[in-house]
Amino acid sequence: MMRLWLIVAGMVVVTYGVRLSVIALLRGGMLPTGFMRALRYVPPAALSAIVLPALVAPDGTLDLSAGNLRLLAGIVAALVAWATRRTLLPIAVGMAALWLLQWLA
Amino acid sequence: MLISPRAEFWSGVRTQLPILLGVSPFGMIYGIVAHEAGLPMSVALAMSMLVFAGSAQFIAAQLFATGAGGPVIVLTTFVVNLRHLLYSASVAPYVRHLSPAWKWLLAFLLVDETYAVTITHYRPHRPEDAPGTALHWFYLGAGLTLWVAWQLSSAAGYLLGAQIPSGWSLDFALPLTFIALLAPALRDRPAVAACAAAGVVAVVARGLPYNLGLSAGVLAGIGAGLAAERLRGMRLMARSPNPEREP
Numbered sequence: 006m007m008r009l010w011l012i013v014a015g016m017v018v019v020t021y022g023v024r025l026s027v028i029a030l031l032r033g034g035m036l037p038t039g040f041m042r043a044l045r046y047v048p049p050a051a052l053s054a055i056v057l058p059a060l061v062a063p064d065g066t067l068d069l070s071a072g073n074l075r076l077l078a079g080i081v082a083a084l085v086a087w088a089t090r091r092t093l094l095p096i097a098v099g100m101a102a103l104w105l106l107q108w109l110a
Numbered sequence: 006m007l008i009s010p011r012a013e014f015w016s017g018v019r020t021q022l023p024i025l026l027g028v029s030p031f032g033m034i035y036g037i038v039a040h041e042a043g044l045p046m047s048v049a050l051a052m053s054m055l056v057f058a059g060s061a062q063f064i065a066a067q068l069f070a071t072g073a074g075g076p077v078i079v080l081t082t083f084v085v086n087l088r089h090l091l092y093s094a095s096v097a098p099y100v101r102h103l104s105p106a107w108k109w110l111l112a113f114l115l116v117d118e119t120y121a122v123t124i125t126h127y128r129p130h131r132p133e134d135a136p137g138t139a140l141h142w143f144y145l146g147a148g149l150t151l152w153v154a155w156q157l158s159s160a161a162g163y164l165l166g167a168q169i170p171s172g173w174s175l176d177f178a179l180p181l182t183f184i185a186l187l188a189p190a191l192r193d194r195p196a197v198a199a200c201a202a203a204g205v206v207a208v209v210a211r212g213l214p215y216n217l218g219l220s221a222g223v224l225a226g227i228g229a230g231l232a233a234e235r236l237r238g239m240r241l242m243a244r245s246p247n248p249e250r251e252p
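Protein sequence lines, in the order shown, are assigned to chains X and S. With the first sequence counted from 1, adding 5 to any position gets you the numbering used here. With the second sequence counted from 1, adding 5 to any position gets you the numbering used here.
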């Protein structure tokens with residue numbers, strides 16, 4: 006049992022340490038300009054790196070066929086997001102699209 | 006323009022709500038996996054409360070079940086959560102004016118979903134303008150909402166061991182939310198390049214262990230964004246009558 010708590014403590018230290026690192030270190034000046042420019046691309050890159058594998062390989066294997074309902078529903082949601090720039094609407098439409106496709110399939 | 010702390014806080018809570026649809030089944034599955042791995046309830050829930058890192062907790066529970074040693078589990082957690090370094094750097098300029106207590110609290114809440122909604126909320130503002138605003142209350146509202154939902158869902162999973170109604174595909178709400186957040190992030194061509202490169206690399210590298218494909222994708226995206234920015238700069242210079250002016 007003691008060993009388990011030590012493992013949890015270790016996990017807390019490494020996880021929190023990484024999250025706190027730059028936030029705690031940045032006090033006085035700003036980060037270097039080149040670094041700041043690079044950071045501008047973290048949001049689009051991170052979102053895309055999470056989304057795309059979930060759409061084109063929902064079960065781990067690449068599936069670009071029309072039988073991949075999550076890919077189809079995801080494309081519908083992306084079009085709605087692109088056209089309306091709203092947050093809730095694409096989620097609702099994408100969810101509805103997946104249910105409809107699953108019902109049809 | 007100035008929005009009150011209370012309004013920012015509740016706005017953060019509301020923005021996080023649809024994401025909970027996707028996170029809660031995930032938390033329940035963690036509870037079930039932890040139970041099945043033989044972790045005592047106190048340890049399983051303490052992990053949710055204090056480590057508060059979805060994929061790392063899953064992997065830790067699985068490693069524990071296979072009898073892996075403590076150092077391996079801790080090291081794996083570190084590697085899986087390294088991507089949070091980029092989030093920490095990305096958010097840091099916006100919170101640098103806050104007190105240490107605020108920074109420690111907000112850093113603790115910095116997970117994928119909270120980072121995504123918070124940075125989307127921050128980005129219309131310049132980091133230099135953050136001190137006059139209550140934007141950090143949005144971050145707190147979004148972060149606390151996710152933390153509470155993660156505790157409730159992992160406890161429910163551990164206690165009930167219930168079947169997740171998988172036919173509802175509620176986990177799909179998670180990628181859908183990120184799609185909705187992606188659209189406003191694609192402000193210019195370099196951002197689109199970053200998005201495309203990150204997505205392709207993440208798909209190609211999805212088989213890598215420890216969630217490394219995600220980090221590889223993000224790094225590739227940063228590289229592509231910077232390269233596209235340079236390319237655009239060179240084109241502007243070539244067109245400009247005054248080549249000494251920086252674009």
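Just to be clear, a hint being listed does not mean it is correct.
As the list claims (entries may be wrong) - Going by beta-carbon spacing under 7 Å, a handful of chain S positions derived as facing chain X:
| no. | residue |
| --- | --- |
| 1 | S95 |
| 2 | A97 |
| 3 | P180 |
| 4 | A196 |
| 5 | G222 |
By construction, these hints were calculated from the structure, which means they are not laboratory data. Positions of the beta carbon are idealized from the N, C-alpha and C atoms, including for glycine.
Hints, verified against the model:
1. This hint holds: S95/S has a C-beta 5 Å from the nearest C-beta of chain X, less than the 7 Å allowed.
2. A cut of 7 Å between beta carbons decides the hint on A97/S: the least distance to chain X is about 4 Å, and the hint holds.
3. Hint on P180/S holds. Least Cβ distance to chain X is approximately 4 Å, under the 7 Å limit.
4. Hint status for A196/S: holds, given a least beta-carbon distance of 5 Å to chain X, under 7 Å.
5. The beta carbon of G222/S comes within 3 Å of a beta carbon in chain X, closer than 7 Å, and the hint placing it at the interface holds.
Taken one by one, the earlier hints all hold for this structure without exception.
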